[in-house]
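> Protein chains in written order, with this note's numbering: chain A, 3 to 238; chain B, 37 to 461.
Honestly, I wouldn't trust all of these hints.
To be verified - Lysine-lysine pairs mimicking DSBU-like chemistry, simulated, CA-CA at most 30 Å apart:
#	chain 1	residue 1	chain 2	residue 2
1	B	K248	A	K7
2	A	K10	B	K190
3	B	K247	A	K4
4	B	K231	A	K57
5	B	K448	B	K247
Stated by the list, open to error - Residues from chain B that keep clear of chain A, each with C-beta distances beyond 12 Å, as calculated:
#	residue
6	E62
7	I78
8	P127
9	Q219
10	G226
11	P230
12	G232
13	H238
14	S279
15	E296
16	T307
17	E317
18	D328
19	N347
Claimed, not checked - Covered by chain A, according to a simulated footprint, are these stretches of chain B (three or more residues, beta-carbon under 8 Å):
#	region
20	119-126
21	137-151
22	181-192
23	433-440
24	449-456
None of these hints come from the bench; they were simulated from the model.
The structure displayed is predicted, hence computed values, not measured ones.
For each residue, glycine too, the CB sits at the ideal point set by N, CA and C.
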Amino acid sequence: MKYCKHCKVSIHNAKLQVCPLCQTVLDDELPQEFEEEKEYFMQLPGYPPASVLRKKYTMLLRIITFIAVCVMLLLAFINYISYDRGNGILWAVIADAGIVYLLITLWFSIFNAEEGHVAKIAVQCIVVSGLCVIIDVVLGFQGWSLAYVIPGLILLVNALIILLMLINIKNWSSYIVLQIEMVVISAALAALSYLDHIPGDLLTLIATTVSMIIFIGTWIVGGRVARTEINRRFHV
Amino acid sequence: MGLTEKEMKWDKLDNTALLFPVIASESRSSVYRISVTLTQEIQPDKLQEALNWTLPQFDIFHARIRRGMFWYYFETNTRPAPAVREEIYYPCRYIEDHQNNGYMFRVTYHKTRINLEVFHVLTDGMGAFTFLRELVYQYLRLTNEDLMQKMGEKLCSDTSLNKEDSYLKNYPGNIPHKKYKTQRAVELGGEFLPKGALSVMHGYMDADQVKKVAKSKNVSVNTFLVGVYTYSIYKEHLHKQPSEKPVSICVPVNLRPYYESITMKNFFAMTAAVFEAREKEYSLDDVIHIVDESLKSQLTKEHMDQLISYNVSNQKNMVLRMVPLFIKNIAMKWVYHGSALANTSTVTNLGRIAVKQAYEPYILNFTATLSMTKGQNMKATVCTYQNHLIFTISSKLTDHSIQKCFFQTLAKEGLSVTVETNEES
Chain A
3 MKYCKHCKVS IHNAKLQVCP LCQTVLDDEL PQEFEEEKEY FMQLPGYPPA SVLRKKYTML
63 LRIITFIAVC VMLLLAFINY ISYDRGNGIL WAVIADAGIV YLLITLWFSI FNAEEGHVAK
123 IAVQCIVVSG LCVIIDVVLG FQGWSLAYVI PGLILLVNAL IILLMLINIK NWSSYIVLQI
183 EMVVISAALA ALSYLDHIPG DLLTLIATTV SMIIFIGTWI VGGRVARTEI NRRFHV
Chain B
37 MGLTEKEMKW DKLDNTALLF PVIASESRSS VYRISVTLTQ EIQPDKLQEA LNWTLPQFDI
97 FHARIRRGMF WYYFETNTRP APAVREEIYY PCRYIEDHQN NGYMFRVTYH KTRINLEVFH
157 VLTDGMGAFT FLRELVYQYL RLTNEDLMQK MGEKLCSDTS LNKEDSYLKN YPGNIPHKKY
217 KTQRAVELGG EFLPKGALSV MHGYMDADQV KKVAKSKNVS VNTFLVGVYT YSIYKEHLHK
277 QPSEKPVSIC VPVNLRPYYE SITMKNFFAM TAAVFEAREK EYSLDDVIHI VDESLKSQLT
337 KEHMDQLISY NVSNQKNMVL RMVPLFIKNI AMKWVYHGSA LANTSTVTNL GRIAVKQAYE
397 PYILNFTATL SMTKGQNMKA TVCTYQNHLI FTISSKLTDH SIQKCFFQTL AKEGLSVTVE
457 TNEES
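So that you can see chain A by itself, here it is in the shape it has in the complex (with noise of 0.2 Å):
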């Protein structure tokens, strides 16, 4: 211990030469009041030198990012000073949608361990479909998106749920609110084609029974533990 005559306190690091408040040089003797306490203050264990913990990747991430943007931009102008009014086709926006995908797919699915798998799916899932929407509407739309695409998706992550729920079977039921988005998609997938919207209905509807069927099965099967985990999921 040591001894500041300016700030009129003792000081407790034995390694500090100077005062940390006010910067003056420690005298190293006490005065008689903290004499008495010094056997109390030798216990104490200070602090070890500590240090910052730094995400790895972040820097690496960030310069991606800016040469996505600048890339990004650079392909927009091409496009706009290349663009033929009669018949052209904005690509760029198709190479844009598809490096913000990238960019997403980097920053959320693979250098981010704060999310879980089931939320970095769920991501996925929307993301593609929105990607292959855009390339749809920029070709035309055709509607190959809705009718194709999205139902297939559809049908991949639900044969995903099942996979995981056999593997990870001791949380299957964390996998009941992907179903319940599952469900929701190919139902508005369905509406969309009964009022024509899309063009080929079969995959949707294959689409919407399959996950309507997985879902109603984990109901069932499931029993408490699945209305549980619904009723944590929506409580209000």
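Got chain A sorted already, so can you dock chain B onto it with the hints?
Positioned in the frame of chain A, the structure of chain B alone reads:
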């Protein structure tokens, strides 16, 4: 299908806890630390064993947070207890649940000190202290055979495992009240430490001496310390000049005694000691008197009822309850950012800490450290154990003039102060 009754347990967040998952980030972690210094070097394997034994008995801590459609909620965490690690980082670091087996607390150690860092969503200082106390008791029993034989391997009879949401239980209905103030307060700014770093200064004092000095000024110990802290900000940051913005110090109040609650969950309310430097130059005694008046007017049951009513009424509103969580989060963040700048700093007092007599010879002291939040770049805690009162100031500012003024002022008032810091040079 598989899960046991215990594994199916889930619980809602209490009223205060609803905010923390929304505002917590790497730079503002909403994590606080409570530490206990023992008289013996820590044995990590025994500490881990103690944690493995203690954790399952505290549902509050034995949980992970999940995202529902409308609210966050807790469910039992079935993974093993988090690993006890040696302290190598700055205090109150952000807790990433995916790197901590899903738990929202961590236990670290350094030489003879055990640190419990808790994400505020779980509980407040009282709840965290209860858990730490049981952890330390079990650790001491494992490392001292005579203690194990004398005390037995069981929880202390003073410990409550109650998980009541006391905010909802004591909701007095809709009481007309003022909204939380949004007038901007003085903000302590300046050069910041590197991101993630935190400056910690402990000031050790004789508790009886502090009580004597406080009594000579006709105020409580807490008011005296908050008054000196406010004065230090007034002197060093405002340079004793008049200011349109007030110095507003948040003083959390433990609501348990007011409502006879023994819950382990959060149950506190925020009062604010407000000092407005309008005209003349104020002395230390002037500031202490103003702070005393400010706090006294708020420390009434009626005021606590108003605070609970205001906080809980939003939670009870059916229309707001039906709003999807991601929209709620945006709204809560926006409201929080508006009100966060209405406070300069926080001083929280854990009070006089008592442990069972059999364990006293093994325990040296308790300290607490707070992380920073929006608008508050310096905070303080008070912990008293046996006859040592420890005032801890944590800050992310490089400048220490407020800490200097605070401890110098206490020394001028006749107190013997020993300062310990986590800075190496």
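> For every hint, state whether the structure bears it out.
Status of the hints after comparison with the structure:
Between B/K248 and A/K7, the direct Cα distance comes to roughly 24 Å. Compliance with the 30 Å bound is thereby established for this hinted pair. About 46 Å separates the Cα atoms of A/K10 and B/K190, which puts this hinted pair outside 30 Å; it is violated. At most 30 Å may separate the alpha-carbon atoms for a hinted pair to count; B/K247 and A/K4 meet this at roughly 26 Å. Using a Cα cut-off of 30 Å, the hinted pair B/K231 and A/K57 holds, with the two alpha carbons roughly 12 Å apart.
About 15 Å separates the Cα atoms of B/K448 and B/K247, which keeps this hinted pair within 30 Å; it holds. Non-interface status of B/E62 relative to chain A is broken: a Cβ of that chain comes within 12 Å, the nearest being about 8 Å off. With a least CB separation of 9 Å from chain A, B/I78 falls inside the 12 Å interface cut-off, contrary to its annotation. Not every CB of chain A is more than 12 Å from the CB of B/P127 (nearest about 8 Å), against its label as outside the interface.
The non-interface label for B/Q219 is consistent with chain A: the shortest C-beta to C-beta separation is roughly 32 Å, beyond 12 Å. Non-interface status of B/G226 relative to chain A is upheld: no Cβ of that chain comes within 12 Å, the nearest being about 16 Å off. For B/P230, the condition that its CB be more than 12 Å from all CB atoms of chain A is violated, with the nearest at approximately 6 Å. Chain A draws B/G232 into its interface by the beta-carbon criterion, the shortest separation being 4 Å against a cut-off of 12 Å.
The claim that B/H238 lies off the interface is violated: its Cβ sits roughly 8 Å from the closest Cβ of chain A, which falls inside the 12 Å cut-off. Taking the minimum C-beta to C-beta distance to chain A, about 24 Å, the non-interface status of B/S279 holds against the 12 Å cut. Annotated as non-interface, B/E296 keeps its C-beta farther than 12 Å from every C-beta of chain A; the closest such distance is 28 Å. With a least CB separation of 29 Å from chain A, B/T307 remains clear of the 12 Å interface cut-off, as annotated.
Every CB of chain A is more than 12 Å from the CB of B/E317 (nearest about 23 Å), matching its label as outside the interface. A cut-off of 12 Å between C-beta atoms confirms that B/D328 is not in contact with chain A; the least separation is 25 Å. Listed as outside the interface, B/N347 is consistent with that label: its C-beta sits roughly 18 Å from the nearest C-beta of chain A, beyond the 12 Å cut-off. Chain A is given as covering the region 119-126 of chain B, and this holds because 5 residues of the stretch bring a CB closer than 8 Å to a CB of that chain, at least three being needed.
Only residues whose beta carbon comes within less than 8 Å of a beta carbon in chain A count, and the region 137-151 of chain B has 4; three or more means the coverage holds. Remark: the region 181-192 of chain B is not confirmed as covered by chain A, as 0 of its residues place a Cβ nearer than 8 Å to a Cβ of that chain, below the required three. Counting residues of the region 433-440 of chain B whose CB lies closer than 8 Å to any CB of chain A gives 3, so the stated coverage by that chain holds, three being the minimum. Counting residues of the region 449-456 of chain B whose CB lies closer than 8 Å to any CB of chain A gives 5, so the stated coverage by that chain holds, three being the minimum.
Hints 2, 6, 7, 8, 11, 12, 13, 22, counting from the list given before, are not met by this structure.
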